[in-house]
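2 protein chains.
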Amino acid sequence: MKRLLVDMDGVLANVYEQFIAFEKEKLGITRELSELVGKMEDEAFEDLYTYVNTKDFFTNVLPMAGSIDTLEKLNAKYELFIVSAATEFPLSLTEKMLWLKRYFPFIHWKQVVLCGTKEIVSGDIMIDDHFKNLDTFKGQTILFSQPHNMNRDIKDHIRVENWNEVAALLL
Amino acid sequence: MKRLLVDMDGVLANVYEQFIAFEKEKLGITRELSELVGKMEDEAFEDLYTYVNTKDFFTNVLPMAGSIDTLEKLNAKYELFIVSAATEFPLSLTEKMLWLKRYFPFIHWKQVVLCGTKEIVSGDIMIDDHFKNLDTFKGQTILFSQPHNMNRDIKDHIRVENWNEVAALLL
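Those protein sequences? They're chains A and B, same order as listed. The numbering of the first sequence is the working numbering, which starts it at 1 and goes up by one. The numbering of the second sequence is the working numbering, which starts it at 1 and goes up by one.
It should be emphasised that the hints constitute simulated quantities derived from the structure, not laboratory data. Built from N, CA and C at the ideal position, the CB exists for glycine as well. Errors might be hidden in some of the hints.
What the hints assert, rightly or not - Simulated DEER-style distance windows between Cβ atoms:
(1) 139/A to 169/B: 31 to 37 Å
(2) 28/A to 108/B: 34 to 40 Å
(3) 65/A to 38/B: 48 to 54 Å
(4) 34/A to 72/B: 47 to 53 Å
Could you build all of it, start to finish, from the sequences and the hints given here?
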C-alpha cells in the first residue's frame, strides 16, 4: 500500500476564502482571486500573520469542494497521512485536529502529522500547494493549484486544479 | 550532520511527576515511583486520560533535570528535531509548542514534529522512552529510562538513566 501525504491549508482547507473574508472584514479590502496570482500568501494579504494567529481562524475554514468524498476513498486505497506545516502557529494546532475530526472523521489521529518542515516525513506520493514542500520530496509530487502557484510552469510535478482531478489521478 | 529525534513526554518533560501530582490532587492517592515499575502509564494511574486532556496539564509540566543544557549542546552538534506523538490529545498541541518556547527557546518551530505515529519520521538517532517508537526506527535507538520500561531487558537499544548519560553518549 503506497503512503500518500496530503497537505491541509490550500489543499483540504480553503484558506484563501478565509484570507479574503478576513481582509474584507478587518480592513475593508475586497480581493479578487485574479489579483492574487503569483503572490505568496503573505504578499497577497495585508495582515496575514495576524489572521493566522487569530483564535478560530482555522476552526472556521471550510473544506475544499469535493475533498471529503475523495479523501475518504483515498483513505481506503492508500496509507494516508495528513501532513501540515503548522508549528509556526501554535494556536492552529489544536484547532486543526478538531477541524479534521469535524469534517474528516474517518481520519484517525494516528494519521496526522503537524510539523515545521516536511523534509523529515517520508512517503510515496505528496499532494501540496507549495513548491518548498514538493521540491524536496523524494516520491511522486502533485501540485494543487492555488493563486500563489498558478503562474509558474512546472516540470517535476503533476498539477491538479481541484479534488475531481485528484480523484481521477489517484483512484 | 546526523539527524537526532528527541521525544517530549518522559524524556524532555517530566510527565511522571505531573501524573503523580494529579493522582494526589484529584483522587488523594499517593503513588511511589517504585510501584509504577513495569506498568504502562494508563495502567499505573487511575485516570490518565482525564489528566492529559485537562487544560494546562502540559503547560505546567517541568523539564527533566539536566535536559535544557544538554539539549542546547546537542542542538549545535546534530540536526535536531523534537518529535512527540501527541495528536491523540488535541489540547496538548498548542500547549506543547508554547512549553518548548518557554523552556527550550533555542528550538525553532521548524524543528518540531507533533504526530500520531513516529513511523513516518526519518532520522539517524532516536531518544525515546517507549519501545513502540524505538522498535520500528531504522537508526540508532536510545531508551530513556522511565518506570514503565525499567523492568525490561533490552538488547536492541542503549539505555540511559538521565540527561547526564545522554550527554556522555552523544556529546
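To see whether the hints hold, each was checked on the structure:
1. 139/A to 169/B: 31 to 37 Å: Holds - the Cβ-Cβ distance for residue 139/A and residue 169/B, about 34 Å, lies within 31 to 37 Å.
2. 28/A to 108/B: 34 to 40 Å: holds (35 Å)
3. 65/A to 38/B: 48 to 54 Å: holds (52 Å)
4. 34/A to 72/B: 47 to 53 Å: holds (48 Å)
Hint compliance for this structure: every hint is met.
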